[in-house]
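Peer 1: Spelled out, the chains give:
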Amino acid sequence: MIKQNNTIENLFTSTPDIDGYDFYFGPTHPGSGNFGVKLKLHGERIESAKADPGYLHRGFEKLMEYRIPIQNSMLSDRLCVLEPLGWNLVHAEAVDELMGNDVPERAKYIRVIMAELSRIQSHIIWYGVFSIATGFDTGFKIAFGYRDYVLDLFEMITGGRVYPAGYICPGGVRRDLPEGTEEKILKVLDKINEMIDFEEKGNPVLEARTKGIGILKLEDAIRLGATGPVLRASGMRSDVRIEEPYEVYDRFDFDIPVRLEGDAYARYYLGIDEMIESIKIIKQALKQLPGGDYITPSLKKIKLAKKLPEGEVYVRNEVARGEAAIYMVSNGTEKPYRTKVRGPDFLHMIPVLEFLLKGAHIADIPAIYWSLNVCPADMDR
Amino acid sequence: MNLSILPDIIKNLFKKPITVQFPFESIPIPENYRGEHAYDIDNCIGCGLCAKVCPDRAIEMVELAEEFKEKYPKKYPKIDLGKCCFCAFCEDICPKHCLKLTKNVFLSTFDKSTAIKYPTPANQSE
Amino acid sequence: METIENKILEKIKSTFRVDGVVQRERRIWITIESERLVKICQWLKSEGFVHLSAISVTDWPEEDCYEITYHLWSYNEKILLTVKTKIDRDNPLIDSVVPIWSNNAQIHERELHELFGVKFHGNPDLSQLFLEDWEGPPPFRKDFDWREYLQKEVFDPKNLREQGYYDKTK
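Protein chains in written order, with the working numbering: chain E, 270 to 650; chain B, 805 to 930; chain R, 38 to 207.
To be clear, the hints were calculated from the coordinates, so they are not data collected in a lab.
Fair warning: this is a prediction, and the values are worked out from it, not measured in the lab.
Hints are not guaranteed to be accurate.
As the list claims (entries may be wrong) - Here are the simulated DSSO-like pairs of lysine-lysine, each with C-alpha atoms no more than 30 Å apart in a straight line: (1) R:Lys179 - E:Lys604; (2) R:Lys195 - B:Lys921; (3) B:Lys878 - E:Lys572; (4) B:Lys820 - E:Lys460.
If we strip away everything but chain E, and leave its shape as in the complex, we get:
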């Protein structure tokens, strides 16, 4: 805390502003992740906020210019720590469209199942961390206990609990589903239903701390570039899976939940509604799963010198946090010439957060900050 204009000489000549000071809600705070916010306070109200990103900047866009596409799909799951399979899918779709690959039907269904399981796992983390930041400690422990069932599924299918090392690669998927996977997935979905029944009972402390806090109106949300659950909680019905269906999403029957209030309570409960829709999608996909190849036959063996045709593409997907996109340019060699990664958190954590924190109390910072579902790795890349 640094007091402004408060030297010994000033005390006798002017009335000092003893209530105004600077405050750093910083990267080593246990409630903020790897991200800092510089605040100017007056008493207990925030006058202005300035975000301080850059603690996780690894330079992905330049790293991807020196490696071939199959090595890049190993790098793409480190773009966001909390949801690796979703970003694997975006990168694989971009390379598939550049090369003109023909992905078989079974691979498309497996990709959709893995992406929806990863969305469920990411919303469980959101629930756990949001509960503990506002004081509901039991919710955190129950959430991370149920997340372990989903991670055991990933371990059995891809070979790793958190990082699947490029499981969704250009052309299809790297390995087929082992024996007995379908029954195990249905058992895990029953357990997730138990957790959703527990969550819907609610908690009075959580409701008192989040209702009416951090209201984001619709025209501000569109002007500042918000997408995903943050935009849907303000009243706009928009989702990339319905507007431009990719993979096989147009064959399933699911709904898009929308809320109108726009406060932290609405954003948080939207995550629970989305989990119910994801469970519906996985059950329909398991019923329709066909047989056949799991990867295009021409890409089954890794080829080191396969050239990418010239051109450029822009691919959009819906990950758990919003709209993710990759813009890829190729000039005829085997490495991509330029890859631009657009993450949803780049817009949520800098313009939207600075707008919402203006005029709020200090005690409301955790409720506002964690209701935006932040992931600092996605913002810095």
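With chain E's structure known, arrange chains B and R on it following the hints.
Peer 2: Frame of chain E; chains B and R shown alone:
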């Protein structure tokens, strides 16, 4: 005083604890897990594809010591486990299937030099 | 057969003189000169392209230019339109689109100023975003070799812990 919790307390007194006592027992590891490498030197043809595809540059092709050069004249891979990210691309690209990933995940050590695996012929491994 | 993408492209071509192409369904790419950028973007926003998805810069050192692309999405028609312009590489200067798309465009331009060195005329705040106390050239250009830069500026050959980094030639 609320006595309705008493049956639960007495039941839990006689149950086995749920903690897994780690160095003496461990949870079961599934079949396809990506762990330490297992290398078969007699089938290797020394093509060097595993060193070219590794995204972290953890594999380097080296020659063996003088006494083995007559039977194994080419260059063979040396793996640095400190740089490896266990992605299994080297297993997928090997044309003779002589590099495989096993289920051994207990690799912690206090001595950094044990993290580098040199290619040694089978009857001399220590 | 008149698809909706062709209709929109014809409308743009009749209002301004631009070249454009329809790549596949829901994707239109047009190319314009950098002086007319703000006027065309203002007309496009009033036609329904309210969401700015991303701004990106590609570096072409043989043609001696930077290519800037603006990706716009329309919620009503559900179409993505990309606007491409070229500017000079040694003195990169272009007008900013902050008066049209507000803080959304401002944060993208701040990142590109730091990583590529492009100056946006009219942006209120172009301070450092990711890199702290950086004094070298813009790092994402094609002629920046980070290994040489680190070996000259930061590497200390007498430090025992850093001995093994620059032994090999590459």
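Peer 1: Taking 30 Å as the top limit, are the C-alpha atoms of Lys820 (chain B) and Lys460 (chain E) close enough?
Peer 2: holds (24 Å)
Peer 1: Run the distance test for Lys179 (chain R) versus Lys604 (chain E): straight-line Cα separation, threshold 30 Å.
Peer 2: holds (14 Å)
Peer 1: Next pair to validate is Lys878 (chain B) with Lys572 (chain E); report whether the Cα-Cα distance is within 30 Å.
Peer 2: Given pair Lys878 (chain B), Lys572 (chain E) holds - Cα atoms ~23 Å apart, limit 30 Å.
Peer 1: Is Lys195 (chain R) within 30 Å of Lys921 (chain B), Cα to Cα?
Peer 2: holds (29 Å)
Violated hints for the displayed structure: none, as all numbered hints are satisfied.
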